[in-house]
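Here's the letter readout for the chains.
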Amino acid sequence: MTRTATTSTAGILARPDGIEGVVADWSSDQRAFKNVPWGKVMMWIFLLSDTFIFSSFLISYMTVRMTTTVPWPNSSEVFALTIFGQHIPLILIAIMTFVLISSSGTMAMAVNFGYRKDRRKTFVLLLLTAALGAMFVGMQAFEWTKLIVDEGIRPWGNPLGAAQFGSSFFMITGFHGTHVSIGVIFLIITAIKVYRGDLDRERPGFLTGRKGNYEIVEIMGLYWHFVDLVWVFIFAVFYLW
Amino acid sequence: MAHAQGQQHPIGIYLKIWGLLFVLSAASYMVDYLQFQGYLRWFLIILFMMLKAGLIVAVFMHMLWERLALVYAIVVPPLLLLVLLGIGALEADYTFFARGVFFGAM
Numbered sequence: 001m002t003r004t005a006t007t008s009t010a011g012i013l014a015r016p017d018g019i020e021g022v023v024a025d026w027s028s029d030q031r032a033f034k035n036v037p038w039g040k041v042m043m044w045i046f047l048l049s050d051t052f053i054f055s056s057f058l059i060s061y062m063t064v065r066m067t068t069t070v071p072w073p074n075s076s077e078v079f080a081l082t083i084f085g086q087h088i089p090l091i092l093i094a095i096m097t098f099v100l101i102s103s104s105g106t107m108a109m110a111v112n113f114g115y116r117k118d119r120r121k122t123f124v125l126l127l128l129t130a131a132l133g134a135m136f137v138g139m140q141a142f143e144w145t146k147l148i149v150d151e152g153i154r155p156w157g158n159p160l161g162a163a164q165f166g167s168s169f170f171m172i173t174g175f176h177g178t179h180v181s182i183g184v185i186f187l188i189i190t191a192i193k194v195y196r197g198d199l200d201r202e203r204p205g206f207l208t209g210r211k212g213n214y215e216i217v218e219i220m221g222l223y224w225h226f227v228d229l230v231w232v233f234i235f236a237v238f239y240l241w
Numbered sequence: 001m002a003h004a005q006g007q008q009h010p011i012g013i014y015l016k017i018w019g020l021l022f023v024l025s026a027a028s029y030m031v032d033y034l035q036f037q038g039y040l041r042w043f044l045i046i047l048f049m050m051l052k053a054g055l056i057v058a059v060f061m062h063m064l065w066e067r068l069a070l071v072y073a074i075v076v077p078p079l080l081l082l083v084l085l086g087i088g089a090l091e092a093d094y095t096f097f098a099r100g101v102f103f104g105a106m
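Chain order of the listed sequences is A and B.
Residues in the first sequence are numbered consecutively from 1, following this note's numbering.
Residues in the second sequence are numbered consecutively from 1, following this note's numbering.
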């Protein structure tokens, strides 16, 4: 049968690239996403929905900021720190940005060493990523404490200017911080699985019962890079505007 | 099978992109540090933001090597958000104008 022949050789025959490839892949009676494990597609679709959530927050923030007639607090000054007697504007956020980007770098390397089945390096890099993520959350806790206790900023108002500053700030950075915290927890779980050799021995997961596979490191990586990606946008439109 | 090996690329490319992201972050911080204002500030902020986002998605998230069917499924829908952005900006302009009219010049 021609039909079965086409199915069984699908992995061997080269598929068309470019626009033709899109049409061919999306055509009926087959799975649309070739050579991508389902877990990865599902993570991408989750991240797509998360993109819409964060975009809604950021666009609402833009709207309330544009509508207010009260001056907006100067973020450059609000997030300044005095280090060794030097007053440096926005420095706390700059350090947080560098920490998160570093964690993204170690995550990318962890994925790479995972596919090389280098258990030790993957484990160390995953733990390093989790540590940098935890460091980021710690600095965020410091930032929130400073704003709430020292500056008297509340979601419903603040002494520096527009009340919308507090509500947008706590909503957006709070939601992002939650994502980072959840990421740290899952990084540690993934690291433990790598360390125990679950992925090499294809040990079933405790929740899903699916066989262990190094693909989960890449799926974890997608989530973590997304958290970094969201921070890029928050950094640009909330802190630099 | 095609998916047996997953995404496998030389380590060097990650290190290069990592370095580039550091440089771009430093550059966007300098926009604030040097107190650029007006359109120049906006242009630089958006430029660095888009470059960083592009690098993360393309290389760290491996979009560069995925089949176009997946890339389109993930990258095209967010473009709809530009509509929401436009509606938000229009509405905000109107609200700001109305507040000016009804509550007097601040």
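Hints listed in this document are in silico derivations from the structure and should not be mistaken for laboratory results.
Note that the coordinates shown come from a computational prediction; the quantities given were computed from them, not determined experimentally.
Incorrect hints may have been included.
Under the rule of at most 30 Å between Cα atoms (straight-line distance), these lysine-lysine pairs were calculated in the BS3-like manner [claimed, not checked]:
hint : chain 1 : residue 1 : chain 2 : residue 2
1    : B       : Lys16     : A       : Lys146
2    : B       : Lys16     : A       : Lys121
3    : A       : Lys34     : A       : Lys193
4    : A       : Lys117    : A       : Lys146
5    : A       : Lys117    : A       : Lys193
6    : A       : Lys211    : B       : Lys16
7    : A       : Lys193    : B       : Lys16
For each label pair, taking beta carbons as the anchor points, the in silico distance ranges come out as [stated by the list, open to error]:
hint : chain 1 : residue 1 : chain 2 : residue 2 : range
8    : A       : Glu151    : B       : Thr95     : 25 to 31 Å
9    : B       : Pro10     : A       : Asp17     : 50 to 56 Å
10   : B       : Thr95     : A       : Phe186    : 36 to 42 Å
11   : B       : Leu85     : A       : Asp200    : 30 to 36 Å
12   : A       : Gly197    : B       : Arg41     : 47 to 53 Å
13   : A       : Pro155    : B       : Gly19     : 34 to 40 Å
Every residue, glycine too, gets a C-beta built ideally from N, C-alpha and C.
Quick check: which numbered hints come out false for this structure?
The structure breaks hints 1, 4, 6, 9 and 11; every other hint is satisfied.
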